Amino acid sequence: MPARQTKGLDSNGGNGSRPLQSCRKERRPMAFMFIDSSNGGINAKPDREVRSFVMKSARNKKPWSTRPRSSKTETLTGEKPRRLSPSRTQGSNEPPQNIAPLPQLEWDPYSAPWVKHPVTSPRSSRSNSVFSSHSSNWACESPVSTSTSPCVGSDHAEEVYDSLHPTLLGMACQTSLNVSLTGSFDCLAVRLNADAEGLLHQFIEASTPRLLPIDPHKSSEAAATDWFATCIQSPIGAPFIYATLTSSARVAKLDPEVYKWRAISEVNMLLTDSNKNTDDTTIATVFMLLALEEASLADPRRKGDERRWSKSVNEAHLSGLRTMIGQRGGLAALGQNRCLQVFILMHSIAQSITTFKPPYALLIDADGQIQDYRSISLQSPNSFTRILRPFQNLSIGRALFDIVSTITIFVSDLTAWYESGICPVDSFELQKHASLLMYRLFDWYEQNARYQDQSATLVDQSICLALLIFMVNATEPNALSFGSRLSKTVTKLRKSLQRVPLLRWTNAPDILLWTLTMGALGAKGLPKGSRATSSAESELSFFTQYSYTAFLGHDNSVASTDLELLLEKMRTCLWIPSIFDVRVKRLWESMGLCKAEVWEWEELSSSSEGDKDQVVDDEYALGQSTTLRFFSAGGGKTRPMRGTT
1 MPARQTKGLD SNGGNGSRPL QSCRKERRPM AFMFIDSSNG GINAKPDREV
51 RSFVMKSARN KKPWSTRPRS SKTETLTGEK PRRLSPSRTQ GSNEPPQNIA
101 PLPQLEWDPY SAPWVKHPVT SPRSSRSNSV FSSHSSNWAC ESPVSTSTSP
151 CVGSDHAEEV YDSLHPTLLG MACQTSLNVS LTGSFDCLAV RLNADAEGLL
201 HQFIEASTPR LLPIDPHKSS EAAATDWFAT CIQSPIGAPF IYATLTSSAR
251 VAKLDPEVYK WRAISEVNML LTDSNKNTDD TTIATVFMLL ALEEASLADP
301 RRKGDERRWS KSVNEAHLSG LRTMIGQRGG LAALGQNRCL QVFILMHSIA
351 QSITTFKPPY ALLIDADGQI QDYRSISLQS PNSFTRILRP FQNLSIGRAL
401 FDIVSTITIF VSDLTAWYES GICPVDSFEL QKHASLLMYR LFDWYEQNAR
451 YQDQSATLVD QSICLALLIF MVNATEPNAL SFGSRLSKTV TKLRKSLQRV
501 PLLRWTNAPD ILLWTLTMGA LGAKGLPKGS RATSSAESEL SFFTQYSYTA
551 FLGHDNSVAS TDLELLLEKM RTCLWIPSIF DVRVKRLWES MGLCKAEVWE
601 WEELSSSSEG DKDQVVDDEY ALGQSTTLRF FSAGGGKTRP MRGTT
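When you line the sequence shown up against UniProt numbering, it's residues 1 to 645, in that order.
Keep in mind the hints are simulated off the structure, nothing from the lab.
The structure displayed is predicted, hence computed values, not measured ones.
It is possible that part of the hints are untrue.
No farther apart than 25 Å at their CA atoms in a straight line, the calculated lysine to any residue pairs in the SDA-like style are these [as the list claims (entries may be wrong)]:
1) K495 with F356
2) K585 with S538
3) K492 with D562
Just need the whole structure built from these sequences, with the hints factored in.
Here it is in structure tokens:
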């Protein structure tokens, strides 16, 4: 029987004539099309039943697609992905020549909204290996997959949204985006109806202003918008579009799984094509799918098998992204795509700070070195003798002092950037160097963490960990909370301080107060009521008691310390007044170090009902960090920075 012709929507919401007609005339006949029930034939069934019957039959065979496979396509599918220039930017030290062919991503069977049986085979779903590049039995291809060409075969795409996607209630859905933003929807790789267009519009509107936390002036918004438009308009942009719809549906509290499944299906087909498997858009899609899966790790509703499956899928996405970046030639090879390069670097370093595991991607030059911010700044360390002298008085190691000197220059430029929007470099360079400086701190700590019996090294470790907390706060000026991201850093700082004699800080008491303040600031933001080994209350109480012992003696009644006096002490250290003054004032009040005042800001604690009785392991902390960063309703827990709009 003739197949049902998909109802197309042009950019004006109509289904009239479009410039795609010339493309349609050249399409090749489909090898298979769904049965149409409109004529009421004796074999006619409702479309859902037909789809279910077809898919159930297909699962008993090898992976298939609705599109005919030409001999050329089959040849490309059988080829191994090309290997590009060796990369030295991977988080691991594995030789680039040992990088395996790109595996296919895995689909989550626990939340399929309209397929009762997983597309993956039962054997592979139960396997401990989530990546099996040698087996095609579980290749996740969409039975209604559209052409990756914006024109060819676009009228064969099944209009799945009308029957599968819930109507968007209470949300002003645009029928199309601004033409200058994404151009005409007629030539996208995916046919969108009004609801899907609304989700896509909302994703771009919500995401572009906050992709760079270090940019409160939103100077990067235009570049971020262009980057999204490039990915969406790409001939191979179908999986990226589905990934953005997944993200937007999640924020809108709609079921995102059908979009997520389609994204994985489409990207799997790109991974089999050596001409497309390391394309910028393909890498961006896998990166977004990784962020989505990470966010699922903090979902309290996922327990038992579902949580274990989420962890395995997350590891699969991470492994796939690492492989793709390595085969591309490392992050340095993405230099022409600054948005993607900086986003991945920022995410990779945030992962390391959260889990204290090596980053999966790092930006280094051809000599294996990290670019030094001092080489591009107009300032000299000699201008900051007052800040650096206390660190010299503590006789910290040369390598750490070198990092402190660079951070001092960076913070000076960052302070001017926040206040006036003027800086020697743009916001992308600032964000890049912020991540690189945090990596240098992480790397220094990892190399020196084994020296636990030397008080001098323990002082250095304490300063290094306090600097990490400082840098996370300094580079996200509008964040109200960091969730569990700093949990491990705070715990390590507490353990380090417990082993340092108080007299060791005699030559620089202000650095000790600054270190304790950073530790308390990190502990203040941890979720309350969790069943973690070290709860937020115990961590914060340690820094509070240590502060009393060090500066106020044992008389806890001394709570009238002058607030401005404390702030003056801190301003001789690394400090950004527009960020830390308000945060620290309230912190000191809660610790009892100064008199309480009335403030307009909300509590900085990130505790919520969802956090209570939740075990904060590495995966949960990572998922919560990603959720707060990318998927919080209303753009995340943020507040406007003082002096900005």
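Do the hints match the structure? See the list:
| no. | hint | result |
| --- | --- | --- |
| 1 | K495 with F356 | 15 Å, holds |
| 2 | K585 with S538 | 21 Å, holds |
| 3 | K492 with D562 | 30 Å, violated |
Taken one by one, the earlier hints fail for this structure only at number 3.
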